[in-house]
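A.B. asks: Residues per chain, in single letters:
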Amino acid sequence: MSFSCMKPKRILTVLLISSFILVSFSGLAQDQEVSWPNDLPPQQDFPSLEGQKVTIEIWTHDPLYIEWFNQTIKEFDRLYSDIEVEGKISQIAPFQSLLDKTTAAIVSGEGLPDIIGSGNHTMGRIWEKGLYEAFMPLPLREEGLYEEFYEPILTPAKRPGSTEVYGLPTDVPVTVLWYREDILEEAGCEPPIETWDEYVECGKKVTKDLDGDGSTDRWMTVMTKNVSSPDVVPYQYHPIRRQLGSQFFTEEGEIVIASEENAKAAQFISDLVNKWEIAKPVANAFGGNSGQALFKEGKAATYLSATWYLDFLMKAYYPDQAGKWRAQAHPKFEKGGLVDIEGIGSRTGKIGGTYMMILKSEKQDFVWEFLKYSYASSENLIRYWEKIHYLPTTKKALDSEEVTGFRSEYLGGQKLGELYSELVPELQPEYTHIGLTPLKQSLMDHTPKLIDGRLTGQEWVKLLEEEVKSMIE
Amino acid sequence: MKYLFKRAKRGFWHIQYSKAPYIFLLPFLIFLVSFYLFPILYSVYLSFTEWSFGGFELIGISNYVQLFHDSMFYRSLWHSSFYVALTLALVLPLSLGIAVLLHSSLAGKIASSSLQKLIYLPSITPVVAIGIIFTLLYEQDSGLLNAILSNLGLPKVAWIASARLAKWSIMGVVFWRWSGYNAVLYIGGLKGIPKTLYEAARVDGANSLQQFWRITIPMLKPVILFTVVMSIIGSYMLFAELYILTGGGPESSTISIVQYIYRQGFTRYRFGYASALTNILFIVIFSLSYTVLNIFNVWEQWR
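Chains A and B supply the protein sequences, listed in that same order. My numbering numbers the first residue of the first sequence as 409 and each following residue consecutively. My numbering numbers the first residue of the second sequence as 4 and each following residue consecutively.
Be careful, since some hints might not be right.
Claimed, not checked - Some residues of chain B that are not near chain A, with every Cβ distance over 12 Å (derived):
hint	residue
1	ILE101
2	PHE178
3	ALA204
4	TRP216
5	MET240
Said to hold, decoys possible - As a list, the in silico SDA-like pairs of lysine to any residue whose alpha-carbon atoms are at most 20 Å apart:
hint	chain 1	residue 1	chain 2	residue 2
6	A	LYS723	A	TYR818
7	A	LYS683	A	GLY865
8	A	LYS509	B	GLY58
9	A	LYS537	B	GLY268
10	A	LYS537	B	SER145
11	A	LYS509	A	SER769
12	A	LYS707	B	SER145
Read the hints as simulated data drawn from the structure, not as lab findings. Built from N, CA and C at the ideal position, the CB exists for glycine as well.
Isolated chain A, as found in the complex (with noise of 0.2 Å):
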């Protein structure tokens, strides 16, 4: 029967009955029922809220972030069928000004959020000037949480000399080797590399002269020599230090800057440049313009860098390159070979990470259940994790099928959830310190010399902790 047949009534019925059909589901998707993750401790009732209004501001810099705590305040707010809940989300940009905005709400004790997302490198600052008591330890232990996470993924948002978690991590950004392998194997290697010297000797083969101008065309990587600011320098470097287990601050606080471990990663980046010659140096962050220059015309073939970097820089700067892209643990530290360092077994590091903090309010202990409703349950973190591909935080999630089992088209179609699951145990803590904020300014302006070759691995750390200490003294 077609529909030239029948009768324009009856074809409005039918109209009619589809449309309310689809109604009906369209609402029933909408009015889903929620209900409190098994593996978070038991909903608790908040009697002197009851029949109120309830906004929950927070300052985030991420708009993915927005998107997911708009789902979470939604049905937080189902769930709490007495309290009426609403989310009052704001973007900060650019992210390094959301601490500022936060430091003046604080000082004026005027327009606090209840939630800021700060990154990392932002707690230096925080620990600085005592503004941590403004902010709300969170009961991790006290609800058996704690547990839940790798405890490296929560050490950046420890208080020094204290065990204080004061921030929930959204996000692990271990990091990974990207790698172009159509080039490595064009230059006669077999990737994954295994070890830093079949990384060094790969590199050799693959870092050439192309066009026989005399001059090199095609680099195994590069290396960021300056940057505009302190937030991000130097890439590469903290993922070799951190599979090396070494550390700027120790959990008592006490500066270790000039380690033996820092020491080996700095010279072993600079080696890269300076003695093997297989890295270019580059300006600016992310390898910058000119190393992403290099990368987006197959120039360079891999770099060093976190979970992040695939969407935000590879696709984004590069989409035509997908499929020639594929991702490995670092290589290993082996002891007595061209890299002499003997390493600690750790195929990964880490650069970035935010996490969730709670101002100090009246209604701190409702902020808190919601913030563990949307950053402290593995059943919503591999939600979260389908809906914006931001690692999981919790070792449960970490090992569901939802993200072993990821697979990346861009990489050509490799098992890339299952390689982060993988490296996200091997994962060394780090502490942050007061220290922090003017190590990252001294880093900024003393990586060029390492870099060059003006200063050895050794010479640069110790100034950089004779640098810091003359600061915060």
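Guided by the hints, dock chain B onto chain A, whose structure is given.
C.D. replies: Below, chain B alone, put in the same frame as chain A:
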């Protein structure tokens, strides 16, 4: 009763009349006190304190003592003074050159008017846009300037990546941004010089150079004074261009005093120390401007 009422009415209007100027001035005075006087005085107070979460604690002159032992303070002040010196020595004379060229009949009236608008544009362009554009121009591997050099067979230059060159590259931005603005001011001054002076000079046999030194420069004195003082203040306050282009690097080779104040105040929350630096900067700018005014006064008397 009627008399009393009349007297009261007259008195009321008398009071109203005598207070009227102050009432009219009040909005401005409130603005002036709230946003100028109070912050200035508060900054002086802050310079004797140290801030932490607990509040401000009075620490006497410690911030000033520390400041005079701070090598980065001297370094950043030196860089700012370099920007001031170069602005006075290069940007202003070149701006004057542009102004004279545009004002001369050679350029033609229409071309001159259009060019004036064109050269003024950089000064009203948002500084963030300028920073981003120049970052792209100065980029070492993919920047436009180096692309041109490469096409000419010349080696690439590390415009803002070299500690030696970065300050000069920053000055390039300053020149591009402010030379047009200053040139337009000079053109305004040039238009105010009576043509009869030049005619008389020509009759007396003065050549172009003599006319320039003996008529143009002296007659432009008020404008020159204005541009010199404003350039001193503006160059010491240089911040946004540096913040976007180099962040004070590489190796702190471009950091200005205002940027150092920003770092201390807003990245380390050392508001007391930042206030002390600000007060010293105020003294520097004030002394220099005062000296310039005196030099111009001496020049006036000498002439």
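A.B. asks: All the hints need checking, so say for each whether the structure fits it.
C.D. replies: How the hints compare with the structure:
| no. | hint | verdict |
| --- | --- | --- |
| 1 | ILE101 | 30 Å, holds |
| 2 | PHE178 | 20 Å, holds |
| 3 | ALA204 | 52 Å, holds |
| 4 | TRP216 | 43 Å, holds |
| 5 | MET240 | 19 Å, holds |
| 6 | LYS723/A / TYR818/A | 7 Å, holds |
| 7 | LYS683/A / GLY865/A | 13 Å, holds |
| 8 | LYS509/A / GLY58/B | 17 Å, holds |
| 9 | LYS537/A / GLY268/B | 12 Å, holds |
| 10 | LYS537/A / SER145/B | 42 Å, violated |
| 11 | LYS509/A / SER769/A | 18 Å, holds |
| 12 | LYS707/A / SER145/B | 13 Å, holds |
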